Amino acid sequence: MSRRLLMLALLVVSGMAAGCEGTAPVLLPHDPRLAEPAPPPEELPAITLQLNWFPEAEHGGYYAALVHGYFADEGLKVVIEPGGPKAPVAAQVASDPWRCGVDNADKLLLARAQEADVVAVFAPLQDSPRCILLHKSAGITTFEELSRQTGFTLAMNPGQPFAQFLTKKLALSNIQMVPYPGNINQFLLDSQFGQQAYSFSEPFVAERQGVATHTLMVSDLGFNPYTSLLLVNAALMKERPDVVRKLVRAARRGWQKYLSDPAATNKYIHEQNPEMSLEILEYGAAALKPLCLPHDLPATLLGQMTPERWETLAAQMVEIGSIPPERVDVFRAFTLDFLTEQRPEDAAVGRN
Amino acid sequence: MKRWRLWLQDVVLPPAVLLLVLLLVWHAAVEVGRIKPILLPGPLAVAEAVVRNFGKLARAAAFSGSAAGLGFLISLLAGTLIAFAFSQSKWLRCSGYPYALFVQTVPIVAIAPLIVHWCGRGWHSVVLTASILGLFPIISNGTSGLLSVDPDLLDLFRLNNASRWQVLWKLRFPSAVPALCAGAKTSCGLTVVGSIVGEYFVGYGSRSYGLGYLILFTTDQLRMAELFAAVLASTLLAVLMFSAVSLATTAILQRWYDAPIEHRR
Chain A
1 MSRRLLMLAL LVVSGMAAGC EGTAPVLLPH DPRLAEPAPP PEELPAITLQ
51 LNWFPEAEHG GYYAALVHGY FADEGLKVVI EPGGPKAPVA AQVASDPWRC
101 GVDNADKLLL ARAQEADVVA VFAPLQDSPR CILLHKSAGI TTFEELSRQT
151 GFTLAMNPGQ PFAQFLTKKL ALSNIQMVPY PGNINQFLLD SQFGQQAYSF
201 SEPFVAERQG VATHTLMVSD LGFNPYTSLL LVNAALMKER PDVVRKLVRA
251 ARRGWQKYLS DPAATNKYIH EQNPEMSLEI LEYGAAALKP LCLPHDLPAT
301 LLGQMTPERW ETLAAQMVEI GSIPPERVDV FRAFTLDFLT EQRPEDAAVG
351 RN
Chain B
1 MKRWRLWLQD VVLPPAVLLL VLLLVWHAAV EVGRIKPILL PGPLAVAEAV
51 VRNFGKLARA AAFSGSAAGL GFLISLLAGT LIAFAFSQSK WLRCSGYPYA
101 LFVQTVPIVA IAPLIVHWCG RGWHSVVLTA SILGLFPIIS NGTSGLLSVD
151 PDLLDLFRLN NASRWQVLWK LRFPSAVPAL CAGAKTSCGL TVVGSIVGEY
201 FVGYGSRSYG LGYLILFTTD QLRMAELFAA VLASTLLAVL MFSAVSLATT
251 AILQRWYDAP IEHRR
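Residue numbers (the numbering used here), protein chains in the order written: chain A, 1 to 352; chain B, 1 to 265.
Since the hints were derived computationally from the structure, they do not count as laboratory data.
No experiment lies behind these values; they were computed from the predicted model shown.
Misleading hints may appear alongside valid ones.
If you anchor each label on the Cβ, the simulated ranges turn out as follows [what the hints assert, rightly or not]:
hint, chain 1, residue 1, chain 2, residue 2, range
1, A, 137, B, 104, 34 to 42 Å
2, B, 144, A, 170, 53 to 61 Å
3, A, 72, B, 14, 57 to 65 Å
4, A, 295, B, 124, 44 to 52 Å
5, B, 47, A, 189, 39 to 47 Å
6, A, 267, B, 43, 44 to 52 Å
Calculated pairs, DMTMM-like style, for lysine to aspartate or glutamate (alpha carbon to alpha carbon, straight line, at most 25 Å) [said to hold, decoys possible]:
hint, chain 1, residue 1, chain 2, residue 2
7, B, 56, A, 319
8, A, 136, A, 279
9, A, 86, A, 275
10, A, 86, A, 127
11, A, 238, B, 48
12, A, 238, A, 311
13, A, 86, A, 271
14, A, 168, A, 326
15, B, 56, A, 326
For every residue, glycine included, the Cβ atom is placed at its ideal position computed from N, Cα and C.
Assemble the whole structure, with the sequences as input and the hints as a guide.
Pasting the structure below:
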């Protein structure tokens with residue numbers, strides 16, 4: 001009997017060990033999925049695109065690439081997986097080379113500080129939609145005025161770098177900080193209540209409910225991480241740059257399409273997430289345009305990044321205590337390799 | 001002396017050995033499997049996080065522990081009173097029990113806006129959520145304890161024309177104490193859960209925070225080692241609460257009753 005138990009224990013332990021190997025993020029050269037490039041047509045494994053939130057307008061371009069078959073045009077089979085609160089995007093991308101993700105630049109630097117070797121290859125939202133949502137009747141029009149309030153409640157996720165940035169930059173000691181509730185129910189009831197939001201989403205919902213709103217953009221204070229970045233596993237980038245190039249190309253076409261003609265994509269997003277009405281998605285897509293293409297950036301340059309922006313973000317995050325300075329390797333967090341080389345037909349799509 | 005050695009051998013040694021083995025397996029899995037800290041931090045990293053954040057963890061544990069402790073006392077008192085009421089009338093019991101079940105099953109997230117609306121945010125609201133979570137085991141165990149009275153004793157009380165109050169206070173309540181103690185043991189763990197989860201929704205102002213806040217914060221920051229440290233502190237808090245309640249119930253049962261063998265020293 002006890003021998004049988006021992007055998008069982010050994011089995012369990014060996015099973016656990018096998019599990020560990022399975023989750024190891026190292027891509028072994030003999031991994032059959034990454035066999036040397038075979039002559040076409042090559043059967044690539046399906047790629048999972050893990051979102052950081054429920055399907056919304058800020059994922060629009062990726063859904064457009066799916067809906068309009070741009071991924072398929074590149075010979076890629078892509079499955080988009082919705083996220084939600086605390087979706088561990090970078091952790092999942094780091095543990096499976098064929099999993100890509102969508103998340104924001106600050107989140108990526110946090111994950112890289114925890115040794116998740118994940119790289120940003122495409123940045124559709126140049127300006128962050130992150131804002132503080134307020135009642136218009138509260139009469140607060142600047143961050144300065146916000147910090148002077150007394151008896152005011154502000155709901156933010158305390159661990160998010162933008163919240164740390166605000167707390168550090170503004171003297172918010174008279175304001176009661178409370179956890180972000182994930183919806184705007186309390187906001188609607190209380191004019192002395194503000195909360196974190198995306199500029200193209202919650203304000204619209206609040207206005208629909210009859211509450212006049214005012215938003216303070218966090219980017220106006222200088223904290224402006226790239227948003228809805230396309231993230232890939234570093235091993236995939238190293239072993240199969242061709243796949244990453246195809247992904248980026250399809251994603252760019254998707255975003256170009258979404259900014260010019262979002263109707264079909266919005267219908268699909270609405271099916272995936274009925275909470276998002278077609279109306280709010282339409283509003284979102286229109287509001288995304290200036291965030292994706294600020295200062296008349298040509299559509300062909302959609303998704304671009306600059307090292308300076310990344311360095312600024314990293315410096316800010318060190319300053320506010322989000323990441324220890326010794327864990328910053330900002331130049332490995334992104335690459336411009338897949339943004340520059342374009343086929344002529346891509347440029348043509350951009351002009352349409 | 002011999003008793004001490006036996007105690008060490010039987011009570012302390014086995015879990016300590018298991019702990020050591022588990023820590024070694026954990027460490028080996030992280031090292032050999034090259035598991036990144038974003039998925040699972042190693043035990044050494046967690047230990048380092050505990051040491052580095054000890055003050056913060058202790059403060060947060062005191063906040064959550066005090067809310068859980070008071071929440072437990074409230075649920076013990078309120079639960080016992082409700083059980084008293086349930087034991088007095090079948091009609092009351094049958095009509096009220098489904099709603100007692102409600103407090104057991106209601107997700108805090110659903111009633112959090114109400115709690116915030118009525119009581120505001122902060123420690124006192126955390127106490128309230130903790131007591132809501134701890135209430136049901138007391139009601140349930142207390143009611144069945146109060147009802148399962150030795151029928152012969154009940155006959156004896158009736159023969160002597162005991163009043164309803166006398167039956168309740170001198171017969172039902174004393175016979176219900178073991179059941180109430182069992183309920184208290186379940187309840188105290190739940191109040192720790194209630195205080196930590198409650199803090200997610202109704203907790204903290206700008207200055208004071210508990211383990212729930214630390215868990216939220218470290219999750220957002222993807223600091224897994226510190227998250228594990230906070231979870232470890234939560235577990236220790238629950239163990240502490242449980243041990244205290246266990247000691248108290250053992251003492252009560254010993255003093256008041258001709259205790260069953262396992263409670264005798």
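Evaluation of the provided hints:
1. A:137 to B:104: 34 to 42 Å: Distance hint for residue 137 of chain A, residue 104 of chain B holds at roughly 41 Å.
2. B:144 to A:170: 53 to 61 Å: Cβ of residue 144 of chain B to Cβ of residue 170 of chain A: about 56 Å, so the range 53 to 61 Å holds.
3. A:72 to B:14: 57 to 65 Å: Between residue 72 of chain A and residue 14 of chain B, where Cβ atoms are some 59 Å apart, the hint holds.
4. A:295 to B:124: 44 to 52 Å: holds (51 Å)
5. B:47 to A:189: 39 to 47 Å: Check passed, 45 Å falls within 39 to 47 Å.
6. A:267 to B:43: 44 to 52 Å: holds (50 Å)
7. B:56 to A:319: holds (21 Å)
8. A:136 to A:279: holds (22 Å)
9. A:86 to A:275: The hint holds at about 19 Å.
10. A:86 to A:127: It holds: about 22 Å lies between the C-alpha atoms, which stays within 25 Å.
11. A:238 to B:48: violated (34 Å)
12. A:238 to A:311: holds (23 Å)
13. A:86 to A:271: It holds: about 23 Å lies between the C-alpha atoms, which stays within 25 Å.
14. A:168 to A:326: holds (21 Å)
15. B:56 to A:326: With Cα atoms ~23 Å apart, residue 56 of chain B and residue 326 of chain A stay inside 25 Å; holds.
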